[in-house]
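There are 2 protein chains.
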Amino acid sequence: MNSHRYCVIMCGGVGSRFWPFSRNDKPKQFLDFFGTGKSLLQLTVDRILPIVGADNIILVTNRQYAGIIREQLPQVKESNILLEPARRNTAPCICWAAHHIHALDPEASIVTLPSDHLVLKEEAFRKAISEGLDFVENGNRLLTLGIQPTNPNTGYGYIQQGAPAEGYSEIRKVKSFTEKPNLEMAKMFLDSGEFFWNAGIFLWTAKSVLDAFSKYSPEIAQLFDAPESIYGTPHETAFIDETFPLSPSISIDYAIMEKADNVYVETVDLGWSDLGTWNALYEASPRNNEGNVTQNCKVLTSECQGTMFAVGGDKIIVAAGLKDYIVADNGNALLICPRSDEQKIRQVVTEIKTRFGEEFV
Amino acid sequence: MNSHRYCVIMCGGVGSRFWPFSRNDKPKQFLDFFGTGKSLLQLTVDRILPIVGADNIILVTNRQYAGIIREQLPQVKESNILLEPARRNTAPCICWAAHHIHALDPEASIVTLPSDHLVLKEEAFRKAISEGLDFVENGNRLLTLGIQPTNPNTGYGYIQQGAPAEGYSEIRKVKSFTEKPNLEMAKMFLDSGEFFWNAGIFLWTAKSVLDAFSKYSPEIAQLFDAPESIYGTPHETAFIDETFPLSPSISIDYAIMEKADNVYVETVDLGWSDLGTWNALYEASPRNNEGNVTQNCKVLTSECQGTMFAVGGDKIIVAAGLKDYIVADNGNALLICPRSDEQKIRQVVTEIKTRFGEEFV
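Same order as they appear, the protein sequences are chains A and B. Just so we're aligned: the first sequence equals residues 1 to 361 in the numbering used here. Just so we're aligned: the second sequence equals residues 1 to 361 in the numbering used here.
Calculated from the structure, these hints are not laboratory results. Be aware that a few hints might be false.
For chains that are exact copies, the list does not tell them apart, and a pair is met inside one copy or across any two.
As the list claims (entries may be wrong) - Simulated pairs of lysine-lysine, DSS-like, Cα-Cα distance not exceeding 30 angstroms:
no., residue 1, residue 2
1, 180, 215
2, 315, 175
3, 180, 298
4, 344, 77
5, 323, 298
6, 353, 259
7, 315, 298
8, 77, 180
9, 121, 180
10, 215, 121
11, 315, 38
12, 187, 173
13, 353, 315
14, 215, 353
15, 215, 38
16, 353, 121
So that you can see chain A by itself, here it is in the shape it has in the complex (with noise of 0.2 angstroms):
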């Protein structure tokens, strides 16, 4: 195993858009899907031990989950935990990941991945992982792994590649990014077969992605540029607590993969999904013959078509006359709504907070 190489986990999210599965105190990352015992977060980082050791996994959160990812996590020792004392989206995140590691390991190479996807081909995700590294480590190199789209998603975004990089085969050179394109537009993407989507995997050394930040995103480079004695060191905390929240909330999408010209795409074939939304999550399971998906728990269905049960807890549901419903229940709260307004799941939360409580999101 390289030694120099490491793996960041994002795992701050709150993954509203799955309440009530995902809830503030326990987002999605920290759940068990799939029954199997695993978080999502525990099968992120079960998926790339065999690949970059314990000892170089980082894990970047938000402060309130410290505790969770602690019990889940044992193995991953505490320094390796960066706390973040607010939410600023992802590209805050991974500067400050990235000077950490860099001060520990000024050659290191790394891998940033979300904690909560759903990723079937392990064995092709770790090639792809290997083949990235060793590409990123052989010159100034920003990599994204790029999922050949299946349908016209417009949740995701999507990358243009173009000429293909020397001696790889399966990466490319980046020609462009867009954002959650209208539907129109991703029938297009779809169709052209230049397009893959965004699986918000990213691969680069420490140096390359401080060198981008400084060129692209000056203001948070600044921010985090402290003297390299601080990082990794016991004043790293509360200079993090003083500089983090002043950090502009972006994503590292808009910070700098669609500015850099050094950016390029690794396509692969993963059998994955982002578990983004309900709709994906029932997309990633299997159905039954009336195409209803039980995620672990009981049912007994009446006249129920491409509906999704989910429920947290030994519990049974009795539904009849559903058609692409989302049925979710967990703790103190049930959504039933038609798999086509999940969208809307994320607002509705918002409204919940306001008028009934903390305690319900």
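Chain B: place on chain A using the hints.
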């Protein structure tokens, strides 16, 4: 208060049509259905207390509910709780209670009440009961309360009225009983103006009803025909434990009311519902502008109409696109079905018990 007047409250039912609210270990009558802080049973006792003292209220229930009854009705003395060792419908229950009361007071008159009905007009209820008791105390008569039907409900029993009883403007001889007619017949009944819903509220003297058992249900009469010295003594329990399970399971309507020639009906306007089904509860509850009923819960709806939401405990329901549904969530069970499917619930409960176990019913 006339100390010869007794009230028998039958509270041993399982209310399976109200699953998952009504559960084996805590059926409907023990639930605070309207969020008033009192169970239907407690409301029933409160309703009769102004005209029958607590010492003359007899509760008949299944043995398994002894604890919950003592908890909910501390004012009722232990010896007034009759615990059935088996479920045998209403006839044996009423026969036992009549013997018990007759042994305590051979001149007793009795009003027999279900424990799980809704009565909005409490004063009218008490006036009707007082007049009815007066009527049965002055002759060998069996009296039942009849409710003016408002729709051709096929779930109720219908009573056809005959000639008026002298001196009682609201009381008439009963011409016929019809259990659960089909829709066509129910419509004819409604149009004729001669038919009333059987509310399951019966009035008679202890002597009259025991005479009726001897005449019309000799099998049951013989079973309970012990020396009077048994009833109201410590020997009663042992005798009942042996005798009761031998009784056929039969309703008082079939055993007595449909056969006897001294049956009368007192027609009343009580703001009554038997709350026998989710639809009955829906009809009895205030609706919002979309025709939705929220029973004791927080609900956020979008494009829902005519839907009944009921939740046990402090929980939020977010629902979209439901038309004329029942959504009932309680403990480890959730029901979502069209209101028109409610007659299937009883059968579903049986299936759940078989497939998933007792703990879900």
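Against the structure, the hints come out as follows:
{"no.": "1", "hint": "180 x 215", "verdict": "within (25 angstroms within a copy, 82 angstroms between copies)"}
{"no.": "2", "hint": "315 x 175", "verdict": "neither (50 angstroms within a copy, 49 angstroms between copies)"}
{"no.": "3", "hint": "180 x 298", "verdict": "neither (36 angstroms within a copy, 34 angstroms between copies)"}
{"no.": "4", "hint": "344 x 77", "verdict": "neither (39 angstroms within a copy, 56 angstroms between copies)"}
{"no.": "5", "hint": "323 x 298", "verdict": "both (18 angstroms within a copy, 24 angstroms between copies)"}
{"no.": "6", "hint": "353 x 259", "verdict": "neither (36 angstroms within a copy, 61 angstroms between copies)"}
{"no.": "7", "hint": "315 x 298", "verdict": "both (6 angstroms within a copy, 20 angstroms between copies)"}
{"no.": "8", "hint": "77 x 180", "verdict": "neither (37 angstroms within a copy, 70 angstroms between copies)"}
{"no.": "9", "hint": "121 x 180", "verdict": "within (25 angstroms within a copy, 60 angstroms between copies)"}
{"no.": "10", "hint": "215 x 121", "verdict": "neither (36 angstroms within a copy, 79 angstroms between copies)"}
{"no.": "11", "hint": "315 x 38", "verdict": "both (20 angstroms within a copy, 27 angstroms between copies)"}
{"no.": "12", "hint": "187 x 173", "verdict": "within (22 angstroms within a copy, 77 angstroms between copies)"}
{"no.": "13", "hint": "353 x 315", "verdict": "both (25 angstroms within a copy, 13 angstroms between copies)"}
{"no.": "14", "hint": "215 x 353", "verdict": "neither (40 angstroms within a copy, 66 angstroms between copies)"}
{"no.": "15", "hint": "215 x 38", "verdict": "neither (40 angstroms within a copy, 69 angstroms between copies)"}
{"no.": "16", "hint": "353 x 121", "verdict": "neither (38 angstroms within a copy, 40 angstroms between copies)"}
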